[in-house]
Amino acid sequence: GENVEQHPSTLSVQEGDSAVIKCTYSDSASNYFPWYKQELGKRPQLIIDIRSNVGEKKDQRIAVTLNKTAKHFSLHITETQPEDSAVYFCAASIRVTGGGNKLTFGTGTQLKVEL
Amino acid sequence: DTEVTQTPKHLVMGMTNKKSLKCEQHMGHRAMYWYKQKAKKPPELMFVYSYEKLSINESVPSRFSPECPNSSLLNLHLHALQPEDSALYLCASSPPGTSGRETQYFGPGTRLLVL
Numbered sequence: 845g846e847n848v849e850q851h852p853s854t855l856s857v858q859e860g861d862s863a864v865i866k867c868t869y870s871d872s873a874s875n876y877f878p879w880y881k882q883e884l885g886k887r888p889q890l891i892i893d894i895r896s897n898v899g900e901k902k903d904q905r906i907a908v909t910l911n912k913t914a915k916h917f918s919l920h921i922t923e924t925q926p927e928d929s930a931v932y933f934c935a936a937s938i939r940v941t942g943g944g945n946k947l948t949f950g951t952g953t954q955l956k957v958e959l
Numbered sequence: 860d861t862e863v864t865q866t867p868k869h870l871v872m873g874m875t876n877k878k879s880l881k882c883e884q885h886m887g888h889r890a891m892y893w894y895k896q897k898a899k900k901p902p903e904l905m906f907v908y909s910y911e912k913l914s915i916n917e918s919v920p921s922r923f924s925p926e927c928p929n930s931s932l933l934n935l936h937l938h939a940l941q942p943e944d945s946a947l948y949l950c951a952s953s954p955p956g957t958s959g960r961e962t963q964y965f966g967p968g969t970r971l972l973v974l
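Going down the list, the sequences are from chains A and B. Per the working numbering, the first sequence runs over residues 845 to 959. Per the working numbering, the second sequence runs over residues 860 to 974.
Since the hints were derived computationally from the structure, they do not count as laboratory data. Be careful, since some hints might not be right.
In silico DSS-like links for lysine-lysine, alpha-carbon gap of 27 Å or less [to be verified]: (1) A/LYS956 / B/LYS899; (2) A/LYS956 / B/LYS895; (3) B/LYS899 / A/LYS915; (4) A/LYS886 / B/LYS877.
Residues from chain A that keep clear of chain B, each with C-beta distances beyond 12 Å, as calculated [to be verified]: (5) LEU855; (6) LYS866; (7) ILE894; (8) GLY899; (9) THR909; (10) ALA914; (11) HIS916; (12) SER918; (13) GLU923; (14) GLN925; (15) ASP928; (16) LEU959.
Simulated restraints, written as ranges between beta carbons of each label pair [unchecked claim]: (17) A/SER870 / B/GLU926: 28 to 36 Å; (18) B/SER924 / A/GLN858: 45 to 53 Å; (19) A/PRO926 / B/GLN941: 33 to 41 Å; (20) B/PRO867 / A/THR941: 29 to 37 Å; (21) B/GLN941 / A/SER862: 37 to 45 Å; (22) A/GLN925 / B/PRO867: 30 to 38 Å; (23) A/GLY899 / B/PRO867: 39 to 47 Å; (24) A/LEU890 / B/ARG922: 45 to 53 Å; (25) A/PRO926 / B/GLU926: 36 to 44 Å; (26) A/ASP903 / B/ARG922: 39 to 47 Å; (27) B/GLU862 / A/GLY899: 27 to 35 Å.
No residue lacks a Cβ here, since even glycine has one placed at the ideal position from N, Cα and C.
Let's have the full structure, built from the sequences with the hints guiding it.
Structure representation (structure tokens):
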């Protein structure tokens, strides 16, 4: 089955700096790569996603890049703010016969933005 | 209604109890999912329902029994659980589609404690 590796496991940055989180996946059939932010005690919230026919996507301070050949994708957060502090999960998605998809998550990155 | 809702928020049960978790969405989504999340770990897929049919069971013990009575509702029936089953149980749903690129939206979860 699919295996997703995520690095680093913890990341501490100063407010205003950039943060980069990297993931690799194993199954070339994966075709959709969402990123979720999970604050303590809360649900995972989608922050950005990228589909396999696109190489890069940006939404304000957040961007994601995808290299299908190398099977890796990255999350970039610029001008970090204290409210960006949370656990970030990458995921790789494979279609399920009959509808829906199967998400395999990375192990998560605890991002801490310090004042 | 643009959210996935789950009840109850918290549940404490003994190992001989029977209880049920409930998940609801009114976004017209046709795939629904159950995940288990332990502390400081990523969500792990348990079950996938597509068009009210079970399409994936990730070798989950039979003490967990899913049910999808209609396209808006997903239940998880619990019986004879073990203390190691204590976790956050997350429900998710995704729009109709068969590409595997459908976004999954998570509910707030039910925090389960098995004594």
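Going through the hints against the structure:
no. : hint                            : verdict
1   : A/LYS956 / B/LYS899             : holds (15 Å)
2   : A/LYS956 / B/LYS895             : holds (25 Å)
3   : B/LYS899 / A/LYS915             : holds (25 Å)
4   : A/LYS886 / B/LYS877             : holds (26 Å)
5   : LEU855                          : holds (15 Å)
6   : LYS866                          : holds (16 Å)
7   : ILE894                          : violated (10 Å)
8   : GLY899                          : holds (15 Å)
9   : THR909                          : holds (17 Å)
10  : ALA914                          : holds (20 Å)
11  : HIS916                          : holds (18 Å)
12  : SER918                          : holds (18 Å)
13  : GLU923                          : holds (25 Å)
14  : GLN925                          : holds (23 Å)
15  : ASP928                          : holds (19 Å)
16  : LEU959                          : holds (24 Å)
17  : A/SER870 / B/GLU926: 28 to 36 Å : holds (33 Å)
18  : B/SER924 / A/GLN858: 45 to 53 Å : holds (49 Å)
19  : A/PRO926 / B/GLN941: 33 to 41 Å : holds (39 Å)
20  : B/PRO867 / A/THR941: 29 to 37 Å : holds (33 Å)
21  : B/GLN941 / A/SER862: 37 to 45 Å : holds (44 Å)
22  : A/GLN925 / B/PRO867: 30 to 38 Å : holds (34 Å)
23  : A/GLY899 / B/PRO867: 39 to 47 Å : holds (44 Å)
24  : A/LEU890 / B/ARG922: 45 to 53 Å : violated (31 Å)
25  : A/PRO926 / B/GLU926: 36 to 44 Å : holds (42 Å)
26  : A/ASP903 / B/ARG922: 39 to 47 Å : holds (42 Å)
27  : B/GLU862 / A/GLY899: 27 to 35 Å : holds (32 Å)
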